[in-house]
Amino acid sequence: MDLQIAEKLLSEEQALLTLDGPMNAVTAPELKGRLKALAAGGWAQLVIDMGGVSFIDSSGLAALVSGLKAVRGAGGSLKLAAVGEQARAVFKLTTLERIFEFYPSAEVALNG
Amino acid sequence: LKTWLRAPVDRLIAALGPEDREKRRSFRLHVFRVIALANLVLGVSYIVWRYTSTLNLDALWFAIPVLLAETYGFFDHSLFIFQMWKPARRVVPPPLEDVTLDVFITTYNEPVELVRLTAEAATRIRWPCLNVYILDDRARPAMRDAAREIGCGYITRGDEWAGMARHAKAGNVSNALLHTDGDFILTLDADQIPAPEIAERTMGYFRDPKVSFVQTPQYFYNIPPTDPFGSDAPLFYGPIQQGKDGWNAAFFCGSNALLRREALMQLGLTDYVQDMEARVRRSIGDLRRGTRSRAASPAQRAALAALRPALDEARQALRQGQPLMLVSDMVREAVAAAQRRMAEGDMAEIAEVLCELAAAGDAEAAEVSGYIDRHRSDLVAAISASPESLGLPAQAVDDLALTRSDEAIPVMALSTISITEDMATAMRLHSLGWRSVFHPEILAYGLAPEDLGSALRQRMRWAQGTLQVLVRDNPLLKRGLTFAQRLQYFTTMFSYFSGFFTLILILAPIVYLLTGISPVTVWSTEFVLRIFPYLILCRLMFLYVARGLATARGEQYSVALFPLWIRAAISVLAGAKLKFVVTPKQRQRGDLLPLVWPQALVMCLTIMAIAYGLAAYIAGRYSDLNGILINVVWGSYNIWMLWAVVRAAFYRLPADWDPKPPAFLFPETQEA
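As given, the protein sequences belong to chains A and B, one line each in that order. Note that the numbering used here has the first sequence beginning at 1, numbered continuously upward. Note that the numbering used here has the second sequence beginning at 1, numbered continuously upward.
Possibly wrong hints are sitting among the right ones.
[Stated by the list, open to error] Per label pair, the in silico range of CB-to-CB distance:
1. A:Leu10 / B:Ala337: 41 to 47 angstroms
2. A:Val108 / B:Leu269: 54 to 60 angstroms
3. A:Asp2 / B:Gly163: 22 to 28 angstroms
4. A:Gln86 / B:Gln395: 40 to 46 angstroms
5. B:Thr403 / A:Phe102: 36 to 42 angstroms
6. A:Asp2 / B:Gly370: 31 to 37 angstroms
Hints were generated in silico from the structure; no laboratory data involved. By construction, the Cβ of each residue, glycine as well, lies at the ideal position given by its N, Cα and C atoms.
Build out the structure end to end from the sequences listed, making use of the hints.
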């Protein structure tokens, strides 16, 4: 099954990515590529709506971390919204929750 | 003709044959074998002569199909002879004692009152330990109430069936087997009213512990005068089944049969294990293919490289017959190791990226990186890479669980590979070494379709189902069957291909009479002398086998339904998805001519061709009188065969038609 990525450019520097599907090694390159391209294009305030992510494995996690690096490298920030239970547990176990910013929903992340 | 023939034959046997009944039977069998052998000799000589001397090389497009059709007929007839070669002689042993009997009455949409008749009669079956159940596939409240009134059990599908494949009657019976525990099971279709002695008369056969089922005939009490729809099957539920029984290949026909629970459960379990083994084998194959996918990272490459030899080892273990559980565990362990290996690579990558972020000034990233490095082995145990990340099919991993998560109940006692579950079930029982019995005594009374449409739909299901078994579980290749059993199943399947050849043999006289083009080189006296003795002897043999039974209508239908047989064969060979059609037990109405237009058309064509051929001969355009006469007789024979079905489309039941089951089935009503 593929990961569907919907991209919404909200302003000069704010963009929202809505994910739907599993995050693994198969779907990682696409996500990494999108994040890098957005950051390179000047969209530095990125929000990922993870409400539709059914499952994230170690490869999906690695993709997210290298995405974060790309965004930070361009001087931007990456916010995660509506993270599901399984993904939340993964962030907690790895203590990566200390690195990422979490928001209950995409609206809150965009306004906050 | 039959009665005319039967009397002298019987008189002849009485005169020549021995007095003793048993000896007379064996004498009769020997007479049959003599006729059959003579028949085979004439048949071989005719067919060889046709191939070597009379093929019309000037019209091969016509000559070859006709010869193929004749060859098919010859093989069909030879298989019939083999089938009848040593019919079973059954003597009922005294019934088994101290065994319990469950009666399963399967219903889908039949009227409650019809099922009630059957269920009430079932409660009157004489057997010390008897339980009657109505298996209501639709869970109708009215049926539940009726079961309560009658005092019999009521079984429906449980919640586990929600959203799962239901497998029609096979699923219904398999479901009920899990809710009951009788040693033997009598299966009855909703309309098949059993006689009280059905168990006493048949239970003795189970004294042989290898006997798995006893089939009794299906008899229909509602067949209208002259049997317009060809429902009566005395030849099948008599000489044919006895013939098959002689080869230990009696057919299970779904209803009016007693089955041994142990055999059904063994069948279900064997089937389950075979299915699981196939799944594990398929899983290993799919995973092996997955390991050859292109790796996107060094971690993935290393993980897959380590997985491959482990899979080879598992495949070897499976071939050596190691327990499935063990093999499945080996594979699952190997896949889990690959997933961990891949995850280690991912964790290393995460830690590295975090180091870079730390170098850019993120103090927390440094801490997290250190934490992940220190706890890597714990982390990969909890957060591994998914099979997809490794490029492995997730379904292959799920299948290793050795469960049938896609089925409502894992053990299906009745085969579900075909829409005629009964034939496939019997074949699997035979292949496991179980024996079977055909008991040629009418012990249940049921309903035949009362309109052409329903009758044809029923035939369609039988034809499609039978051919489906051939495609999915070919008896000629099936392990565990004897040679004779293979042939018995094949004979029935082969006969369902007749449609194509019947069409050729119906068109042939039309072509000849209209065009003068002939499939044979000569219609000479030699031709007549070779074919007619063969055909007449075929006829005689058939009448001798069927002695006194009403078989003419059935014969007409087997020929006249050629469009239906053709459709059935094409649909199965093309792999169409087939549906179990429940045969209606009530009369359907509607315009029936569309059902038989091909037959009506070729009938009209034949009549026109005969008229034209005769006129052309009188006018002097045709000169071969032998050829004209043979084809006129041939065409007339075809018309007579086709007429049965065309006539049935116009058939109206008598106005006062209200058939009742035999009164002796209902003792109370008689007293009242």
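Using the beta carbons of A:Gln86 and B:Gln395, state whether their distance is inside 40 to 46 angstroms or not.
20 angstroms Cβ-Cβ, so the 40 to 46 angstroms window is violated.
Given a hint of 54 to 60 angstroms, does the C-beta separation of A:Val108 and B:Leu269 actually sit inside it?
Roughly 57 angstroms apart at Cβ, these two residues keep to the hinted range, so it holds.
If you check the beta carbons of A:Leu10 and B:Ala337, does the distance land in 41 to 47 angstroms?
holds (45 angstroms)
Is 22 to 28 angstroms respected by the C-beta to C-beta distance linking A:Asp2 and B:Gly163?
Taking Cβ atoms as reference, A:Asp2 and B:Gly163 lie about 25 angstroms apart, which means the hint holds.
Quick one: are B:Thr403 and A:Phe102 within 36 to 42 angstroms, going by C-beta?
holds (37 angstroms)
Quick one: are A:Asp2 and B:Gly370 within 31 to 37 angstroms, going by C-beta?
Distance hint for A:Asp2, B:Gly370 holds at roughly 35 angstroms.
Going through the hint list in order, the structure does not satisfy hint 4, though it satisfies all others.
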